[in-house]
Amino acid sequence: MRLSRYFIPILKETPAEAQIVSHRLMLRAGMIRQASAGIYSWLPLGYKALRKIEAIVHDEQQKAGAIPVLMPTIQSADLWRESGRYDAYGPEMLRIKDRHDRDMLYGPTNEEQITEIAGAGIRSYRDLPTILYHIQWKFRDEVRPRFGIMRGREFLMKDGYSFDIDKAGATHSYNRMFVSYLRTFERMGLKAVPMRADSGPIGGDMTHEFLILADTGESAVFLDSDIADLSLGADKIDWEDAEGLQGIVDRWTSAYARTDETHEEAVFNAEVPEARRVTARGIEVGHIFYFGTKYSEAMNAKVAGPEGSPVAFESGSYGIGVSRLVGAIIEANHDDKGMIWPEAVAPFEVAVINLKQGDAEADAACESLYDNLNARGFDALYDDRNERAGSKFATIDLIGVPWKLIVGPRGLKEGVVELVNRRTGEAVNLSPDEALNRLSAQFGRA
RNA sequence: CGGGCUAUAGCGCAGCUUGGUAGCGCGUUCGUCUGGGGGACGAAAGGUCGUAGGUUCAAAUCCUGCUAGCCCGACCA
Numbered sequence: 019m020r021l022s023r024y025f026i027p028i029l030k031e032t033p034a035e036a037q038i039v040s041h042r043l044m045l046r047a048g049m050i051r052q053a054s055a056g057i058y059s060w061l062p063l064g065y066k067a068l069r070k071i072e073a074i075v076h077d078e079q080q081k082a083g084a085i086p087v088l089m090p091t092i093q094s095a096d097l098w099r100e101s102g103r104y105d106a107y108g109p110e111m112l113r114i115k116d117r118h119d120r121d122m123l124y125g126p127t128n129e130e131q132i133t134e135i136a137g138a139g140i141r142s143y144r145d146l147p148t149i150l151y152h153i154q155w156k157f158r159d160e161v162r163p164r165f166g167i168m169r170g171r172e173f174l175m176k177d178g179y180s181f182d183i184d185k186a187g188a189t190h191s192y193n194r195m196f197v198s199y200l201r202t203f204e205r206m207g208l209k210a211v212p213m214r215a216d217s218g219p220i221g222g223d224m225t226h227e228f229l230i231l232a233d234t235g236e237s238a239v240f241l242d243s244d245i246a247d248l249s250l251g252a253d254k255i256d257w258e259d260a261e262g263l264q265g266i267v268d269r270w271t272s273a274y275a276r277t278d279e280t281h282e283e284a285v286f287n288a289e290v291p292e293a294r295r296v297t298a299r300g301i302e303v304g305h306i307f308y309f310g311t312k313y314s315e316a317m318n319a320k321v322a323g324p325e326g327s328p329v330a331f332e333s334g335s336y337g338i339g340v341s342r343l344v345g346a347i348i349e350a351n352h353d354d355k356g357m358i359w360p361e362a363v364a365p366f367e368v369a370v371i372n373l374k375q376g377d378a379e380a381d382a383a384c385e386s387l388y389d390n391l392n393a394r395g396f397d398a399l400y401d402d403r404n405e406r407a408g409s410k411f412a413t414i415d416l417i418g419v420p421w422k423l424i425v426g427p428r429g430l431k432e433g434v435v436e437l438v439n440r441r442t443g444e445a446v447n448l449s450p451d452e453a454l455n456r457l458s459a460q461f462g463r464a
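For the first sequence, the working numbering begins at 19 and goes up steadily by one.
Everything labelled a hint here was simulated from the structure, so no lab data went into it. A portion of the hints provided could be inaccurate.
[Said to hold, decoys possible] Below are the DSSO-like pairs computed for lysine-lysine, each with C-alpha atoms no more than 30 Å apart in a straight line:
1. Lys-355 to Lys-66
2. Lys-66 to Lys-81
3. Lys-431 to Lys-374
4. Lys-156 to Lys-66
5. Lys-355 to Lys-374
[What the hints assert, rightly or not] Restraint-style ranges between C-beta atoms, simulated for each label pair:
6. Asp-233 to Ala-73: 24 to 30 Å
7. Pro-62 to Glu-110: 27 to 33 Å
8. Glu-160 to Arg-294: 32 to 38 Å
9. Glu-110 to Asp-377: 53 to 59 Å
Glycine included, every Cβ here is placed at the ideal spot set by N, Cα and C.
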């Protein structure tokens, strides 16, 4: 993309309403624009980041065995009357009427809808397990939306639902999603810690929230530093191996990690040596829980069991706040100059900065680098605006492009361009070809 | 939903107390000089002062209603 032809309304000053850093930076970088309280338009740069995150979520869901579907945003009230939640849900649910005066709603979640689909479509226990998921806009009429897209009323969520014949199967499905979430967040360059969540009326210990540690997080978290050091790395996962998955889950849940909701100071102090006690802030980006037959019983969603008689599904649901992740990643990755995108989710991976637009040699070198980057499959941004160098650096750093290729007449005289890492500031002078090769190696692209 | 606050140009703000020509900075446009970390100079464009009503010769300014938005708290991907 040529910056001169992009739509990116950058602000030099911070809009007054933005309090937290991700919101400020997203507004300044022209990623979003507020439409009304808690509702945002996604401008090109923000939309690009959102789609990259969404793509990783899709990929990791499917690797873990979940199957993508797409359910509507508008749902029938009748479906929710079956589960009993139409009255229970409260004013957070946006209720609307269609022209025939039928009660409809903008879905805040999809348990009812997916249970109806599974109940109608899955006939035998031999078709199980099945995990279906979608990534769809949700609406929850929050009392007080805030922090930009971090707590909007309309938000993009990945919600998945598992269907099994018994508790053992449901546990396997739960663990699949647990490990899948670890992989998903790790791949985005995030340190997400699973924490025991409040299981509410259903009870049991099969519910976890995944939180990203960030100073600006909304929840206070308490954890054993050991758990923050865990990493899946490049380990190959055998998703069919129930015991193996259980082992991973056990490793990640053995150490103390809780939010203020479930925190018990006495247990914390007893279980965790003082040197490893970490008190921090976290942003919830995922939440998984097992809810057994809660919806399947209520909605009569059953399959033929091994004895031929109908058995209600054992289910769990698994959410990732996709749009919230955009903000969360920025919260966890920024400095005083702007955002610092992890390579895996960066809207643009490399920026070519032409220090002297209009200089024949500099222009030619930039065009060549830009073409080559595109040919090699990079998401490249070429700052070809007729601006001074300082202005270009400020813009590119604000946007948080992980790598800068700086091209100017002085360097070109020596046959070099400068490759600079946004996060570390590390800079090396290389020939254009070497710089391209270095980037290709960095991103694992041949 | 309880408490606090705001609404004036794309963004940040002043003007309101004491009613009388709507202003500043940034950004934008044009020109010139510039050009390795948000350049300088000159010129210009851009505003139903949130909205409806009231008081007044006269309302951004005073009064009333409404709407929208923000912050703190309780709740949530």
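Here's how the hints hold up against the structure:
1. Lys-355 to Lys-66: With Cα atoms ~21 Å apart, Lys-355 and Lys-66 stay inside 30 Å; holds.
2. Lys-66 to Lys-81: 23 Å, holds
3. Lys-431 to Lys-374: 13 Å, holds
4. Lys-156 to Lys-66: 19 Å, holds
5. Lys-355 to Lys-374: Satisfied, since the Cα-Cα distance of roughly 22 Å is no more than 30 Å.
6. Asp-233 to Ala-73: 24 to 30 Å: Since the Cβ atoms of Asp-233 and Ala-73 sit about 28 Å apart, the hinted range of 24 to 30 Å holds.
7. Pro-62 to Glu-110: 27 to 33 Å: 31 Å, holds
8. Glu-160 to Arg-294: 32 to 38 Å: The hinted range 32 to 38 Å holds for Glu-160 and Arg-294, with Cβ atoms some 36 Å apart.
9. Glu-110 to Asp-377: 53 to 59 Å: The hint (53 to 59 Å, Cβ to Cβ) holds, given that Glu-110 and Asp-377 are roughly 58 Å apart.
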